[in-house]
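With these hints in hand, go ahead and build the complete structure from the sequences.
Residue numbers (my numbering), protein chains in the order written: chain A, 1 to 330; chain B, 1 to 209.
These are computed hints drawn from the structure, not numbers from a lab.
Every residue, glycine too, gets a C-beta built ideally from N, C-alpha and C.
Please note: incorrect hints may appear among the correct ones.
What the hints assert, rightly or not - Estimated spans, in silico, between C-beta atoms of each pair:
#1 204(B) <-> 248(A): 15 to 21 angstroms
#2 203(B) <-> 204(A): 24 to 30 angstroms
#3 131(A) <-> 206(B): 46 to 52 angstroms
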Amino acid sequence: MWCDAEGTRWKGENAAKAAIAEPVSALYNKLMQEWDQPMEALLFQTGAILHVASLEQSHVLERACFGVPLFPTTSDAIPLGDSEGLPGSIGTSTFLERKSSEVQLFQLMLEEAFYLSYHMRCIQICRQSTKGREYMTHEQFWEFLLKSKRRFPQHYKAYSHMRSNNWVVRAGIQYGADFMAYRHHPALVHSDYAVLVMAEEEEKPRMNTWTEVHAMNRLCGSVAKTLLLLHIVTNQQPMDTTSPTCLENYCVQAVEYQRWLPEKHREENLTTKEPVVHVDASNGASSTLSILEPMSNLALNVLQEHYPGSEVSSDIDKQESTASTDEICE
Amino acid sequence: MEAINRALWDAEKGMAEIIVRSGKIWNTTGVTRFGLLLCHIEEVVFLMEQRNITVMSGEDIMTVQDAYSLLTVAEYGCSWDAYLVYAYLKRLGYILKRNGIPWTLSKKTVESMSRSSEGNSSADNQGAVNPDLTLRLMFDVYPPNGCFKKTCPRDPAFHVCVISDRPPHLREIQACEEGHEGVPVKFASVVCGHVTLFSINSVQLPELP
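Below, the structure is given as structure tokens:
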């Protein structure tokens, strides 16, 4: 892992350089250019299959993390649904080996399909019926989406808000979240956020018990991601969602949730050169121990007797996992 | 064996007056009021658990059970759950005080306070309560510091809001972020005796390159 000046966790210095060389905004601009061959997406209940004729188009889609490559697959192709390898110049080269004339299929989630068609205007949506293939307008697609997914407007607002700020947003189901947000391709950078979409006026609100907050936090902590709640709020009540123009009336308010471990922050903001820890020993006297000096065995015994599992030692910042922290809290 | 430190519990005031003191703990425990050193119930309970104080309630010596029961009295301003948060952080060496009350009050400081525009006559009120906020800031927390002085404590590292029953709502989180002179607020969840602290902050998602 390599951290840059802003604290972004890149997967190596080369990854950071690759990201600077091809920023996400440049990829999005490429997608929005005029293509000789338009891309068509066939809609089904829970997603769409995108038909991509040119190699260049599929590279840009993969680099910008839209959709999951479905077909064709070769023996050493990136497995379906689990891709973290960067296609093209970095990492695997399976797609370079493919002939440029070969069609590729991607599976898109609903938010991706709407974003590519409505915001980026680079794909067309169609449906297959007994009468054949029919193209859909944005309004028809929106109507379909309102019926397909609960709270689609709010989910889409969250998705499009992040994409419009040049974040890479993917499905979060494998991590128990609504979305995962990255600062660039997942092959180059560790994910910053596990995103949950919070709609207002829910009959069954989410994250309204501590149990749920703890569960989500533990889940995120185990994969080194921060929990981000995107509250989708509006001044307009009631909201008319029949047209996609309603999206302009929503506002996104982002809130980060992080567990804070006092065991790991004792040394911050100290005003003295020798940080100390107060320990009240059982014999009635209070003894002050310096945590940066090696502890005498007597002192250590006193601590361990009264605070079993305590990590008041010179190696305080050992582990990151929450499991070990729970031992401290006992 | 009785502890060196002794205190007298005043049930009406809801505080203990320290009448015999010994040791460095008093640099970071209790508040000074016109020359008297007073402790809130959570400080008393914590010291009693350490067997570091003897507390008299009238003629009787207070037992630890008596002290625990006083924690459940709403008028004394500290709930059982808030006590667990207090004890957890104290054991790790942090320095705690109830929010909204000064470390020291003497005749001099009261005079200077009444001269300034904000005169707070209820110096020992139970923490600042923001009318827009249904949540209350319980404690001010200072980092472990062997040279801590009540007379010049500097800003706390953070405030703690103890809410056991549910996580804070969005509006409550936002209300906590306003004011408090940039001192962050952390939220303590206390469920079945387990204390967990959360940093819950509004963020402005940056536009990336």
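Status of the hints after comparison with the structure:
{"no.": "1", "hint": "204(B) <-> 248(A): 15 to 21 angstroms", "result": "holds, 20 angstroms"}
{"no.": "2", "hint": "203(B) <-> 204(A): 24 to 30 angstroms", "result": "holds, 26 angstroms"}
{"no.": "3", "hint": "131(A) <-> 206(B): 46 to 52 angstroms", "result": "holds, 48 angstroms"}
The structure is consistent with each of the numbered hints, conforming to all of them.
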